[in-house]
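Numbering-wise, the numbering used here puts 139 at position 131 of the sequence shown, and it's gapless, one number per residue.
No wet-lab data here; the hints were simulated from the structure. Incorrect hints may appear among the rest.
Pairs of lysine-lysine, PhoX-like flavour, derived with a Cα cap of 25 Å [as the list claims (entries may be wrong)]:
{"hint": "1", "residue 1": "Lys58", "residue 2": "Lys26"}
{"hint": "2", "residue 1": "Lys49", "residue 2": "Lys118"}
{"hint": "3", "residue 1": "Lys309", "residue 2": "Lys269"}
{"hint": "4", "residue 1": "Lys26", "residue 2": "Lys309"}
{"hint": "5", "residue 1": "Lys96", "residue 2": "Lys118"}
{"hint": "6", "residue 1": "Lys48", "residue 2": "Lys85"}
{"hint": "7", "residue 1": "Lys48", "residue 2": "Lys26"}
{"hint": "8", "residue 1": "Lys58", "residue 2": "Lys118"}
{"hint": "9", "residue 1": "Lys303", "residue 2": "Lys26"}
{"hint": "10", "residue 1": "Lys303", "residue 2": "Lys269"}
{"hint": "11", "residue 1": "Lys235", "residue 2": "Lys171"}
{"hint": "12", "residue 1": "Lys335", "residue 2": "Lys118"}
{"hint": "13", "residue 1": "Lys26", "residue 2": "Lys111"}
{"hint": "14", "residue 1": "Lys96", "residue 2": "Lys111"}
{"hint": "15", "residue 1": "Lys210", "residue 2": "Lys176"}
{"hint": "16", "residue 1": "Lys118", "residue 2": "Lys303"}
{"hint": "17", "residue 1": "Lys235", "residue 2": "Lys324"}
{"hint": "18", "residue 1": "Lys48", "residue 2": "Lys303"}
{"hint": "19", "residue 1": "Lys324", "residue 2": "Lys309"}
{"hint": "20", "residue 1": "Lys176", "residue 2": "Lys240"}
{"hint": "21", "residue 1": "Lys85", "residue 2": "Lys49"}
{"hint": "22", "residue 1": "Lys96", "residue 2": "Lys49"}
{"hint": "23", "residue 1": "Lys171", "residue 2": "Lys240"}
{"hint": "24", "residue 1": "Lys303", "residue 2": "Lys324"}
{"hint": "25", "residue 1": "Lys26", "residue 2": "Lys49"}
{"hint": "26", "residue 1": "Lys335", "residue 2": "Lys240"}
{"hint": "27", "residue 1": "Lys48", "residue 2": "Lys118"}
{"hint": "28", "residue 1": "Lys85", "residue 2": "Lys42"}
{"hint": "29", "residue 1": "Lys335", "residue 2": "Lys324"}
{"hint": "30", "residue 1": "Lys335", "residue 2": "Lys176"}
{"hint": "31", "residue 1": "Lys303", "residue 2": "Lys49"}
{"hint": "32", "residue 1": "Lys210", "residue 2": "Lys335"}
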Amino acid sequence: MQNSFRVEERLKRRLCMKFIDLHCDTASRIFYEKLNLNHKKCKVNIENLKRGENLGQVFAFFIEKESIEDPYDEFIKLYNSFTQEISKNTGEIEIVRNITELKNAEESGKIGAFLSIEEGEVIKGDIQKLRTVYDMGIRIITITWNYQNSLGYPNAGYTYRNKGLTRKGVEVIEECEALGMIPDVSHLSDAGFYDLIRICQKPFIASHSNARAITEHPRNLDDNMIKLLAEKGGVMGINFCSDFLGNESVSSIEEMICHIKHIRNIGGIDVLALGSDFDGIHNEVEIENASEFNKLYLALKQNHFKESEIEKIFYKNVLRVFQENLK
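Just need the whole structure built from these sequences, with the hints factored in.
Below is the structure:
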């Protein structure tokens, strides 16, 4: 019986791989739907993260600025809600701010929770507020969501495709790099993306964006962007939302593989990462929740990706970018 158990454990290890997911909206869902980190409704909950062998999960504080009075005040509400949830589950998950803290969490058998802001208007163009949220543990900031703000313009519908960062946006990006916070260009206009290519000295990310050549969507990156992001040393997280993958109502692993292969061919294996967008997307996904990333691992193996390449996609590329940026 004991030998059988060991065989099963070795088999399980071969069929799974630890991973870092660059984007989920679980923190916002918990707040607005009055849930918790253990709730079955959440695609990203503690049980699913543990079963999936998650190494690090980026939890985004999503703020829809057009529907609230003050984006900073709204962020504080979401932040307080989520940190209270973390404090109730300290034996299983903890907030981490850099690679050292992530390693310490892993050695303690805990999930590492990185924090991000999805809507740059939270800081209202105020450098001191940027420093304040950094001190609160925020390590990634999405410059815009789907609305124009004081930092720049979104790519929603290509309306602002040729409008880049504002002067204040440039100042904020430069301060992000000085602090050790990573700019995230998912949702940002095409022109804003090229502004970051010009301005940034360190790698940045597109936390949840796919390949525009495969699926024409303004939130995806075109081939030139993928090449430039790769040359900058950045990464892009494969988004599981059907709108960004293809035309199927259920997001399939086959579609994910199609995007991954294209991105690898254009930018190389080092630009690839994972950015599920779980708890922020409403369509069904063949990978049903955070416990099932092994399905993608097995599919990549079946499509002749080397173990070392899958490791890069699942966590090593992100670790490199975090190592270069976070303090």
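Let me make sure I understand: some of the numbered hints might not hold for this structure. Which ones are they, in numerical order? none
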